[in-house]
Amino acid sequence: MLWLALRFPTLPLDLWSRSAATPTPLAVSEGTARPRIAACNLDASLAGIRPGMALAAAWAVLPGLVVRPRDAAAETRALEQLAGWAGRYTPEVSLQTPDGLLLQLAQSLNLFGGLDALLREVRNDLAALGYFAVAATAPTPHGAWLLARAGQESTPTTAAELAASLRTLPAALLEQPAAVLNLLEKIGATTLGDCRALPRDGLARRAGPGLLDELDRAFGDKADPRPYYAPPSRYAARLELPFEAEYAEALLFAARRLLTELAGFLESRCAGVRRLRLGLSHRDGDPTELVWGLIAPSRDLNHLTGLLQERLGQLELAAPVQAIALETLELQTMASANRPLFDGGPTEEGRWQLIERLRERLGRHAVAGLAPHADHRPERAWRTKEPSIPSPTKGAGEIKDSGPGLSTRNPLLVAGAAPTGATPRPAWLLPAPQALTQTAGRPHWQGPLALLAGPERIEAGWWDEAPAARDYYLAQTPAGSRVWVYREGDDWFLHGLFA
Amino acid sequence: MKALDALLQTPGLWRGNACAETAQPSVPSGYAVLDEQLPGGGWPTGALTEILLEHPGVGELRLLLPALARLSSEDRWLAWVAPPYIPYPPALAAAGLKMERLLWLRPDNHTDALWALEQALRSGACSAVLGWPATLDGKALRRLQLAAEEGRAVSLLFRPLRTAANASTAALRLALEPADGRLKIRILKRRGGNVSAPLLLDLPARTRGKNGESIGTAQASPAGGGMRAARAGKLRLVPHH
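Protein sequence lines, in the order shown, are assigned to chains A and B. Mapping to UniProt numbering: the first sequence position 124 is 124, numbers consecutive. Mapping to UniProt numbering: the second sequence position 120 is 120, numbers consecutive.
Some clues are possibly wrong.
[Claimed, not checked] Just a few of them, taken from the derived set where beta-carbon distance is under 10 Å, the chain A residues facing chain B:
(1) A236
(2) V367
(3) H373
(4) R383
(5) T384
(6) A479
[As the list claims (entries may be wrong)] Estimated spans, in silico, between C-beta atoms of each pair:
(7) B:D180 - A:Q438: 17 to 25 Å
(8) B:G138 - A:T157: 57 to 65 Å
(9) A:E316 - B:D180: 27 to 35 Å
(10) B:K139 - A:G447: 36 to 44 Å
(11) A:E289 - B:K139: 34 to 42 Å
(12) A:T305 - B:G138: 26 to 34 Å
(13) B:R191 - A:R238: 53 to 61 Å
(14) A:G285 - B:K139: 38 to 46 Å
No lab work stands behind these hints, which were simulated from the structure alone. Note that the Cβ used here is the ideal one computed from N, Cα and C, for glycine as well.
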């Protein structure tokens, strides 16, 4: 067994400061009648603020100090969110309330490339989440926890190394009632090593069984099973902003904190998100809601951030935002690794990400696929469709391009047969036929046109509202470009360019 | 996967795809006479190619279709960003292009068009990116060039002939002019080579005909279609009648 203990000593502060892009003096207060500073950040302490100060005194020292009341429930929620994120490293995550997590890592080391690489990734993640943590590993959960509490980021791996590390820790770290800690101090047992050296019988008699139990669990002499955190089936988190945000772009920083958490949550569930909602709370009125639908499930932090960024960049805020809430509306199971074996071709995920990114900015209809359509009328012989690339791995056949409306609209046509079979079609089609001027019956476009081939009579649409009877010709401009023109009655039209 | 990452970072490890990457593979144009003139024997990937023409419709698509058809067998997109007209599916499909690979982008304005072009070039999710930017200054061109280097697509910009006089970071610049049903190509710039004499290409009226018949003076390309022929490297120009 290998346990990673993460202790969040500044959790009450981090709750608030993590959503602010620029650090400002910030403190958390405790007590309602005569509130006192419970904790403050570096900027506040540099200005002379100290924990324990009366709030009034603190404001006297630093009038601009932002103070938020301590919120134990929010701290617990944050810890649970962190446990959800930690699920990306191991399914065995245990809450160590009020300010810690324990992760059992033995089975995860190979996956993440060893302990050092894993710890590096944990640190990067925590920085992205906006939390500060002390991290220590040990073969026992309580041993790791005591090391983290002592602020020792050591990584003993054997029982002997663990015992050596633990022996030097102060006895005051033990999670025992004050009476027991006082007793230890009185008998001169200042370190865990001192405690271990005392006769067990006498210690049990005087301090009660709890002390020996704790020491035995820490040193690994006694089993210490932990309940594992079961993450909820969906992700939903809220982040209060320390200041009201007036510009949507300012929300991106805070949103990315939540997205990082979400990415860990999704990875632990082997899932990707299909629909996502971001709620922006205002002081008055209903929250602004933004919903994203993804073509393919994703848990790629950069992709999700990019989608939010595009939308937030376009958003005009009706009122300043006090808090943001991120929630998954639809999840879908997703293969655990989408990394290409060698960084050669794009992943299937990458192809959809491009579409989603483009659509987020250009609009859904500005990004389309194209397909031929069985209709004699050239302007109807095509249609837009949803972009689709059949996955080669599934060995699926080609997507049927000719739409389902075919058989009902025109019983005479077979899909794909007539319109492309007869004569060449131009690669550029004009959005609408362009009427041409004439001299002596000769159509003009960039000069008088020479008819090279034709006519191809196209009569179609007599069965519906848009009949057409046209004679199409291949024509050439004086400069040598080839174009597709038709005559309808006495009028000439340009319909395409043989590009 | 993490273990593999660590392994891939080992300096002594030879990676099979490394050499292909540095060589920047090019895609045969399907016209042997043209390929002989192009460094790498085809359309470059991972660098900009500028196609300069007076008006759309001189034959620029028929020039490119054999390569595009070939690229459409990859499972990446062929992105068309702000084309001047509708890329007509019956004609493109008849040329052997797999239509489901085609992505038709219609941005509202020039800024969005440049943005979309850059995204498509950079993404690595496109085998070819074709762009018709309204205007392009030197800064925008450099941005697109960087994006092209990252994404490794055949990166084609269609620009007015009058921009030929401007300096460009593009690796390849061709000027196209119609010439009585044929296509005159002048190579204005290419890597590692000087300007050559203009080429005169016969463009097939369609690269793959169903029943072999054709109208006008142009003829269908060799049987089997441009794509297969291009892959075999055997495509020859159709003699002009």
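Do the hints match the structure? See the list:
1. A236: violated, 29 Å
2. V367: Nearest chain B Cβ about 6 Å off; hint holds.
3. H373: holds, 8 Å
4. R383: Status holds, d = 8 Å.
5. T384: Hint holds; T384 (chain A) Cβ to chain B Cβ min 7 Å, cut 10 Å.
6. A479: Holds - the Cβ of A479 (chain A) comes within 10 Å of chain B, reaching about 6 Å at its closest.
7. B:D180 - A:Q438: 17 to 25 Å: holds, 23 Å
8. B:G138 - A:T157: 57 to 65 Å: holds, 58 Å
9. A:E316 - B:D180: 27 to 35 Å: violated, 56 Å
10. B:K139 - A:G447: 36 to 44 Å: holds, 38 Å
11. A:E289 - B:K139: 34 to 42 Å: Check passed, 38 Å falls within 34 to 42 Å.
12. A:T305 - B:G138: 26 to 34 Å: Holds: the Cβ-Cβ distance is about 31 Å, inside 26 to 34 Å.
13. B:R191 - A:R238: 53 to 61 Å: Because 55 Å falls inside the window, the suggested range holds.
14. A:G285 - B:K139: 38 to 46 Å: holds, 43 Å
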